[in-house]
Amino acid sequence: MQYLRQRVAALLFTLFVACAITFVVFNVIPGDPALLIMGTEADPEVLDTLRQTLGLDLPLHRQFFRWVKAVTKGDLGTSLRMGQPVAALIKERLPVTLSLAALAMVFTLGFSVIAGAYAASHRGRPIDFLIVIMSQIGLAIPHFWLGILLMLLFSLRWKLLPPGGFVQWHTDPRQAFLSLLLPAVALASHRVASLTRITRAAMLDILSQDYIRASRSRGISHTVVIYQHALKNSLVPIITVAGMQFAGLLAGSVVAEEVFALPGLGRLLLQAIGYRDLPLVQGIALFMAVMVVSVNFITDMLYLLLDPRIRYE
Amino acid sequence: MAVIWREKEIAARSRAKELAALFKPRCRTSMTVSVCLGTSLLLIVCALALISYVKIGPSPNVMDVRARLMVPSRGHILGTDHFGRDLLARTAYGARIALQVGITSTLLAACLGVVLGGWAGYKGGLWDEGIMRAVDGLMAFPGILFAIMLVTVLGPGVFNTALAIGAANLPVFARITRGAFLTNRTALYVEAARALGAKPSHIVWRHIMPNSLGPVIVQATVTCATAILTEASLSYLGLGIQPPHASWGRMLKEAQPFMGRAPWLVLVPGLAVFITVIGLNLLGDGLRDWLDPNNS
Numbered sequence: 000m001q002y003l004r005q006r007v008a009a010l011l012f013t014l015f016v017a018c019a020i021t022f023v024v025f026n027v028i029p030g031d032p033a034l035l036i037m038g039t040e041a042d043p044e045v046l047d048t049l050r051q052t053l054g055l056d057l058p059l060h061r062q063f064f065r066w067v068k069a070v071t072k073g074d075l076g077t078s079l080r081m082g083q084p085v086a087a088l089i090k091e092r093l094p095v096t097l098s099l100a101a102l103a104m105v106f107t108l109g110f111s112v113i114a115g116a117y118a119a120s121h122r123g124r125p126i127d128f129l130i131v132i133m134s135q136i137g138l139a140i141p142h143f144w145l146g147i148l149l150m151l152l153f154s155l156r157w158k159l160l161p162p163g164g165f166v167q168w169h170t171d172p173r174q175a176f177l178s179l180l181l182p183a184v185a186l187a188s189h190r191v192a193s194l195t196r197i198t199r200a201a202m203l204d205i206l207s208q209d210y211i212r213a214s215r216s217r218g219i220s221h222t223v224v225i226y227q228h229a230l231k232n233s234l235v236p237i238i239t240v241a242g243m244q245f246a247g248l249l250a251g252s253v254v255a256e257e258v259f260a261l262p263g264l265g266r267l268l269l270q271a272i273g274y275r276d277l278p279l280v281q282g283i284a285l286f287m288a289v290m291v292v293s294v295n296f297i298t299d300m301l302y303l304l305l306d307p308r309i310r311y312e
Numbered sequence: 000m001a002v003i004w005r006e007k008e009i010a011a012r013s014r015a016k017e018l019a020a021l022f023k024p025r026c027r028t029s030m031t032v033s034v035c036l037g038t039s040l041l042l043i044v045c046a047l048a049l050i051s052y053v054k055i056g057p058s059p060n061v062m063d064v065r066a067r068l069m070v071p072s073r074g075h076i077l078g079t080d081h082f083g084r085d086l087l088a089r090t091a092y093g094a095r096i097a098l099q100v101g102i103t104s105t106l107l108a109a110c111l112g113v114v115l116g117g118w119a120g121y122k123g124g125l126w127d128e129g130i131m132r133a134v135d136g137l138m139a140f141p142g143i144l145f146a147i148m149l150v151t152v153l154g155p156g157v158f159n160t161a162l163a164i165g166a167a168n169l170p171v172f173a174r175i176t177r178g179a180f181l182t183n184r185t186a187l188y189v190e191a192a193r194a195l196g197a198k199p200s201h202i203v204w205r206h207i208m209p210n211s212l213g214p215v216i217v218q219a220t221v222t223c224a225t226a227i228l229t230e231a232s233l234s235y236l237g238l239g240i241q242p243p244h245a246s247w248g249r250m251l252k253e254a255q256p257f258m259g260r261a262p263w264l265v266l267v268p269g270l271a272v273f274i275t276v277i278g279l280n281l282l283g284d285g286l287r288d289w290l291d292p293n294n295s
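For the protein sequence lines, the chains are A and B, in the order given. Going by numbering that gives the first Met the number 0, the first residue of the first sequence is number 0, and it counts up by one from there. Going by numbering that gives the first Met the number 0, the first residue of the second sequence is number 0, and it counts up by one from there.
By construction, these hints were calculated from the structure, which means they are not laboratory data. There's no promise every hint is true.
[As the list claims (entries may be wrong)] Straight-line Cα separation of at most 25 Å, SDA-like style, residue types lysine to any residue; simulated pairs: (1) LYS68(A) to GLY109(A); (2) LYS122(B) to GLN5(A); (3) LYS68(A) to ASP135(B); (4) LYS158(A) to PHE257(B); (5) LYS158(A) to ALA261(B); (6) LYS158(A) to TRP263(B); (7) LYS122(B) to SER200(B); (8) LYS68(A) to LEU137(B); (9) LYS158(A) to ARG260(B); (10) LYS68(A) to ARG132(B); (11) LYS68(A) to LEU159(A); (12) LYS158(A) to PRO262(B); (13) LYS231(A) to VAL166(A); (14) LYS72(A) to GLN5(A); (15) LYS122(B) to LEU111(B); (16) LYS72(A) to LYS231(A); (17) LYS68(A) to PRO84(A); (18) LYS158(A) to GLY259(B).
Could you put together the complete structure from these sequences and hints?
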């Protein structure tokens, strides 16, 4: 319990620091955010009204606390360009990004755990070598390039899948799934590669332990030893990395969304940057950071359930 | 004085031993293979970057409307893009930009990160708490997001891109250095040096630092690869390198509408990123095995 309290305190503090960093990036580094938004040739009067609406005439620390107070109430400000609350805009786009991240994560976990376990149980054989090389390649392929190549083959050449765009889930679930397929594969490529390596390393570590040899000598079948005994015990590093990857996916899908023209959070962020809509950019950035911190926190908590040996007291 | 001399001699001798151990041919073949392969791939990219400095062949930004979207031929070895610009020259210029951004941002991140992490690890206490909490906060922003945020306020361009990517990669270096400093700070040899009357600055620079740099060097090769990937992503999004300059990410973006007619336009820049990144990763893997003291 005490550990939990400590972790929650640390979580809140990290969130506060993330707020501070976002504030510094968007309100302190530019000098005058109003100038950044309107450009240097803007009318001084227009600039003044903008400064007043954004509260830029207050001293910095008052601006900061006013903003943090609003944020804790769930008010991320109002978009300059679209005139809607930032939180509402995020909520509208979130399902696309979330389903893309979830699908990519399903591919990642499904593929890499099996490939990693298989490679580890066939250590030194050609198949192990092949999996290691493939993961090295997967780590180096830029995922948006892979996305473009997939689009070139599957959409333009073979016309099997839509070349981008998105149909909402509630209008046509099948079409929605199909349009997420290629971007999810592209996004997963890098993560599959790294998670396969992690799984393989963790499994090799476990497979060299005495209790594995003991269960082998008791005549338990190879499959059971590998997939029940060894894999179960190497779950902790796998979950750690997978959690980090999922957190990264929520924010890292910006490029994939741009390649496949998916109307998710990432594209909203890019549009906001294009319009110099700083409140919107700031809101999305903070939202993504909060998601990352929360996912990491949940991963941390998962350990407690997964591994009874871990007891932080 | 004499004491300090003795101590310096011992330190020098042990460092010489370390270096000798480093270059002794004790490496497994796979290690050597990955270092060699990685280095040769990187040499190709460097050669490509050098081409862009030597003025032979077509210039990367000269447009030729009559020669739009030409297939690879004698005049244009890799073909031309939708403005009739030579693809090889542009890829070479992209190599220059990628290496510039990769190296600058990595150096930036490594220098700042090592100083911050080292300070936190050596001083401990409130310094450690403060610096590491800030680093934790930075880590809440995945690399590309923080780079995007910074580029938004700093504006695009080669240096700003490198600055943004460097800042995004700083936390990793701070963490690694802090960890190494924490373990080395209480090590016996540091205590011995202190007992002999060595000054703190001497201990940090001559003893702890050389023993903490191994992981930092390995991380630097990996970070350089990530930085090049991030630069390509930023430029693809239109936030990094601005036209008319060629950058691999930018070239991919511009080629995408024409990829049905001219697939080589999307193949070449992506392949260039791939070769660079895999070269750096292989080099990093090899170095990791080489520099890891637990691996003899």
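Which hint numbers does the structure go against, in order from smallest to largest? 1, 11, 13 and 16
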